[in-house]
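K.L.:
Here is how the chains run, residue by residue.
Number of protein chains: 4
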Amino acid sequence: MGSEKGPDRKIAEGPAGYVLEDVPHLTDYIPDLPTFPNPLQNNPAYSVVKQYFVNEDDTVPQKIVVQKDSPRGTHFRRAGPRQRVYFESDDVHACIVTCGGLCPGLNTVIREIVCGLSHMYGVNKIIGVQAGYKGFYARNTVTMTPKSVNDIHKRGGTILGTSRGGHDTIKIVDSIEDRGINQVYIIGGDGTQKGASAIFEEVRRRGLPVAVVGIPKTIDNDIAVIDKSFGFDTAVEEAQRAINAAHVEAQSAENGIGVVKLMGRHSGFIAMYATLASRDVDCCLIPESPFYLEGRGGLFEYIDKRLKENGHMVIVVAEGAGQDLIAESEKENEKEDASGNKLLMDVGLWLSQKIKDHFARKQNMAINLKYIDPTYMIRAIPSIASDNVYCTLLAHSAIHGAMAGYTGFTVGLVNGRHTYIPFYRVTESRNKVVITDRMWARLLSSTNQPSFLSPKDIEEAKKANSMVSL
Amino acid sequence: MGSEKGPDRKIAEGPAGYVLEDVPHLTDYIPDLPTFPNPLQNNPAYSVVKQYFVNEDDTVPQKIVVQKDSPRGTHFRRAGPRQRVYFESDDVHACIVTCGGLCPGLNTVIREIVCGLSHMYGVNKIIGVQAGYKGFYARNTVTMTPKSVNDIHKRGGTILGTSRGGHDTIKIVDSIEDRGINQVYIIGGDGTQKGASAIFEEVRRRGLPVAVVGIPKTIDNDIAVIDKSFGFDTAVEEAQRAINAAHVEAQSAENGIGVVKLMGRHSGFIAMYATLASRDVDCCLIPESPFYLEGRGGLFEYIDKRLKENGHMVIVVAEGAGQDLIAESEKENEKEDASGNKLLMDVGLWLSQKIKDHFARKQNMAINLKYIDPTYMIRAIPSIASDNVYCTLLAHSAIHGAMAGYTGFTVGLVNGRHTYIPFYRVTESRNKVVITDRMWARLLSSTNQPSFLSPKDIEEAKKANSMVSL
Amino acid sequence: MGSEKGPDRKIAEGPAGYVLEDVPHLTDYIPDLPTFPNPLQNNPAYSVVKQYFVNEDDTVPQKIVVQKDSPRGTHFRRAGPRQRVYFESDDVHACIVTCGGLCPGLNTVIREIVCGLSHMYGVNKIIGVQAGYKGFYARNTVTMTPKSVNDIHKRGGTILGTSRGGHDTIKIVDSIEDRGINQVYIIGGDGTQKGASAIFEEVRRRGLPVAVVGIPKTIDNDIAVIDKSFGFDTAVEEAQRAINAAHVEAQSAENGIGVVKLMGRHSGFIAMYATLASRDVDCCLIPESPFYLEGRGGLFEYIDKRLKENGHMVIVVAEGAGQDLIAESEKENEKEDASGNKLLMDVGLWLSQKIKDHFARKQNMAINLKYIDPTYMIRAIPSIASDNVYCTLLAHSAIHGAMAGYTGFTVGLVNGRHTYIPFYRVTESRNKVVITDRMWARLLSSTNQPSFLSPKDIEEAKKANSMVSL
Amino acid sequence: MGSEKGPDRKIAEGPAGYVLEDVPHLTDYIPDLPTFPNPLQNNPAYSVVKQYFVNEDDTVPQKIVVQKDSPRGTHFRRAGPRQRVYFESDDVHACIVTCGGLCPGLNTVIREIVCGLSHMYGVNKIIGVQAGYKGFYARNTVTMTPKSVNDIHKRGGTILGTSRGGHDTIKIVDSIEDRGINQVYIIGGDGTQKGASAIFEEVRRRGLPVAVVGIPKTIDNDIAVIDKSFGFDTAVEEAQRAINAAHVEAQSAENGIGVVKLMGRHSGFIAMYATLASRDVDCCLIPESPFYLEGRGGLFEYIDKRLKENGHMVIVVAEGAGQDLIAESEKENEKEDASGNKLLMDVGLWLSQKIKDHFARKQNMAINLKYIDPTYMIRAIPSIASDNVYCTLLAHSAIHGAMAGYTGFTVGLVNGRHTYIPFYRVTESRNKVVITDRMWARLLSSTNQPSFLSPKDIEEAKKANSMVSL
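Protein chains in written order, with the numbering used here: chain A, 17 to 486; chain B, 17 to 486; chain C, 17 to 486; chain D, 17 to 486.
Note: identical chains are not told apart, hence a pair may lie in one copy or across any two.
Below 30 Å or equal to it, Euclidean Cα-Cα: the simulated DSBU-like pairs (lysine-lysine) are: (1) K448 <-> K244; (2) K66 <-> K79; (3) K448 <-> K472; (4) K170 <-> K321.
By construction, these hints were calculated from the structure, which means they are not laboratory data.
Based on the sequences and whatever the hints tell you, model everything.
P.N.:
Here it is, written out as structure tokens:
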């Protein structure tokens, strides 16, 4: 999926190094679309607003740590309502789909797309596509109204259901065309956004007046460009509960070790922030920072040391951490007994077993290891209030953009401002914890764990990345 | 307090309208202070960091919704560690004081000043001033170590105690001088920051090599310039509990009305965000938006309407809302019975009584009003994880600034970046909900409440403010 | 309401001082009612049960602290399904009504009457009476099915709505007769149970084959005979939150005093248990234990002492405490200014003002008093798991009793066993904290507060009550 | 451990079939012990108490569902303070030890033994034995005071640490004798109570004036005779969180199955009560009720059916459920690959794998199974308020008993009254869910799950047990 040659990019430049990475617009390929006055003007709630609409030229810089004469760099188009819209309210037929794993706030986003379209723009044809992408062609849709979604933000999960995969661009766009849908809201992670991009490309190829909008969702917070993904704060909050439990278990036992696995396939943000917020964690392992078990400076040595000093310790491990080590030890296993136990691919179980084995070999020190995997308990809770408001603003930004004729974009918070970002910017790369950044140093300082890095690792890490510290 | 002529301002300009509002530095008035290499360089946790230190020229723009050729505007100095520091670790004698009302996160800020100074800079003389400003001269101090503050972030309140007032600049600076304190960390609201400014002015007048640093604290989120004050997200989260209760009480009664008073003497941020996050609120009243009770378009009319439509309603009122109305009705009372009942100055009790009186006069409609004031239950809880991390970064920013010789500043998050802001910028004005902004319109749209504004009010409001919408 | 001559009592006696206080049965006044086999026999879920039915003769003793030859005393009829029932499933037309204030668990009781009747007995005509007693004649009813009540136990309040008063026996029984209702489930406090008793008397007078069943509800736990009322544990749990907040506020201030008002008009159970569970409370005031403010051994003296020792204190006051003192001080007020301020009747506000006044008179000691009234936040929450299960069993006991033809009774837990209790036993007297009991001594010992009792008070208290300690 | 011939039993009989199963007393083997007046008499908190002391003859019946002429049956001695005590306050040297797994409320029990001994009896020599039984001889003890335990009830776990095993009767009693300890408080499960019994036997054999008291602890609630073990309500409450998450995950997926493992090695009380309280569970599997996977009436068939009807389901499984099935399937595995994977012994992982395998074989139905194991998150939380008060009363009962010279007993709630129970009664058998009881039928009725029982199973179950339904 995705066009072979890659997406067309709309880049505009300005003085002093100003660059705008713009998003597609329906008029890019349907030049003569009629426009209409924005119905918000007649909305009593908006009667007090000074400026109904954002300035068409408003943009938001990606880089805001600047020097007095530094170039201005990349900007994104600011989100918000426009003076003129490209859909008449009665003609809008919107659909919403949620894909991938659960994340706190999904139902709020769904609710606010429905309520926002209805209350702000008078739209009343909104359907929900069930169970992810495949729902476009394999299942019935459900009609959605402000009344039917009224209380859903208080529940975890997604009322539409979700699934992974099932993306068949042609079938999906056929379904969109057949049903007469002209606004497609797609909530999902980077795979989903790639799918949304492919849908947009196909819609454009067919010349359909359909706005395709992505709302990025990842509990791991690993979407590029944007400040933070919705549900992340909720996840970090809920993770405290597991860390607290691990701490109590570890403290109450002799040589107690509490191991908590947190989400994060490719990035360790939840693990890092949960560790920083808790301060009861002695070691945090993330995918971005390689580590090793045996020998000088290794994890086992550190565990020995902490147990001797403190009598107990807590380890937080992101699910994607140490995958190279696991792969290696699995290979050995295969050589030995060809069992290929899939369960061991869980880094939490794997690490727990390795630590137990290590101390079983050291006969003078019995440990008590307790392993906690709160993943599904974290994913399934309703969002906290701050995420709730954040989801609302994301949904409204998405609506304003679609109504204004923008398409092929994802909404996103950039430096605290809501913007429209071309799909390729959020699917080309992934946000990662930068281990040469002060935030990670802060974590190391707070846990007192070693960096597990060789001088060569450090050198490479420093070369690899040039993101700016907070 | 504060110097008569107002503080000296350090303004630097650059190309394309670039302005830096800089903060004072000890060398402004003690030119020959020696400097030392930053001990962070030798901190193992920081060994992986690519850039130990922020660029001395790094600044952060205040305005980041820009057009391609708009002027660059005001910037603040970026927070973070500097290559050279103006204190030797062994010579630092730091003190911490908390003033004003409680706010979730206070103990985290205290903890992280202590742990940050100790772990990052090797400082080991840190004392706590008890019970607010007056503690400088009226009470004993307490010695603080990483061990003594280890678990305090899990508790609400402030372990140092706090009080209002008690600011006597001369006595405080005498005490600072007598004790040999050279870093003063002052955590408090805008009154407290004015006091901090006066302390700084007096310290400078005496030519003392003492860094005076403010960490702004206000649960109301009404501090100018900064994105958000610590504890605010926690407060909004906890407020949901009261709103939920009010909603249940209202729903379970005939013509049930739930009234919830939330914090906000001068600004309605907590009320507004709590309302947006909850969606069970039918009316939100804030200090910034005048309202009236009787007559067409008034609150009573709206209550009548909602009860008829829905059978119940929830009203959220910020503590500073409607003070003009209360003052007026109090005056009438005075004329009548000279009782001067102070209790009625509580807007929640006052409003509840007014509503009851209104429906008592209307004999055909009995109501059930339940009033909830969760103020002290909100203020006293420990901070949620996201506020916890935020407090950590604020404390670290404060430390880095003081060690680098900056003084007379407050730390603050500006567009998601930590900065140093001159005191006058956070004490000259107050952050307020802008009722001509789209955020307030969004609230009106979500509650369906009338704006309670006359055309004249709208006109004035539009004139009064030119802040940019999110 | 209630018959003039008082209810007929069904008392049976046995050997060794055995007494059974039995409940009425439909056949008491309709001798020839047909019976049917209990449909539970065919319920697959009950196929494994050894004894489908309770023994008709099973009873439960009220007094179970016994000596080897003590008389057996009063017993109540054991609740549970009987071999034969007096209603055919298809003929049952049940109604449910909730009266009085909110209490955690109301919705669970409603849900389980509906689900129990439906799943256990195949009943499918169940209606809800809205908004309390007056709903019988003034409002429409709602049809209730297992589906419509499926999730209500997760919500606070009562989906049926509730109100106080509105009891018009004749109109209610007219309505019952007109609608063909033959099982009436009435959930409410002691006033409500008196009303239920009157309905039962009138139903009996008219000779209607209608079972009238009470489920006692009081968050205060002051219903006589029964072990504990539903929602009580939830209320005590939730009260911890307010006490914690009061403790944090008090600790963080100079001479900080936290005052928490808890429910309990006539009895101090919530206050006492919340105090015992918390251990942060320095003084607990309840209706059963008189106290005085001024002078030797009075409350003010104790506050002085605690503040001097500890610097802060927490006071928990039940809403019915000190009403005699308030009445007295109000009278004085009347003499002075004739204002008759109703607000002061709130013991929390009144006590807070008195304490403030006291310390205002003592000019050498400024205090910081924070008053918290969490009443509506406690009442409105959903029940905790243990209350949830308890509510289920109460509802099932009620159903089994009604189906078995019992009427004019309330269900209740006696010494951990579910029983049927005649109305008069729960309405004639009220459960109270016995201040000459070891539980109250335990509280005094835990708070270290004085007993506030004169030797005469103690003498009287000892005479007044002869209940057995736990 | 335990004497070969079994413990001596103190049985007293009375009229009408009255039996008292009494507990040992120091004077059983040290006849001339001096006695002292109970210091509670001089405790101001107890000055209001009518009866300082329980009647020496007070007992509590085990069976309280009675008929008018049924025999009186077994009774236990009522707990509480006695007029005379067998220790002088200054001579008491008490020790406390916690053994086995964590359980909410442990710290409250510890706290209240310390505070109760100190405040009620003026005892000031109290030590804590660290890390379970082995701490008697392998580790240092800690001095405990009311101040040192003041806040521990707000924390989960046990401040003393705990461990399994390590019971060496001789070494332990040597240590008791060497240290001059004369009151031993042992908190732990049935293995621990057996150990306590052995310690008591050895103490008696040596003729030491040492009271040995057990406080029964099991989160599983499987201790015989007593109503409920402390921490159980807290565990059921916390389990709701996991069940809710499983429900949300299941609902949001296609053919979603949520599997939650809860504690319960030998008994399914937590699983049963958590299921009843939640009502979102479709199937509850416990050790007491055998089940099978394949074929008619098996689990797989039921899952198929629920998924077809509802699209999702939630399964709760107690950790000890299905152990026979696992053993069987493990044996097959062994034949195949001799790997002996210990992980599969976890019934939750095993069952999840079996269900996945089943649906992998059925190629037309993809499922989404999410497995949650909240065990350590449940065990480690602080107790809820009701458990907190319960722990307090248990601790006080233990103290009163020891001071009164009773020994070799465990404290326990019997029909809501605190009693002293001989060790053998709580170690000889285990409390179990009775699947022929109406409570289990109620569960089956609430989940709609099949009983998984063959007629033969039912017959056997009915024969096996004759406990009375609630």
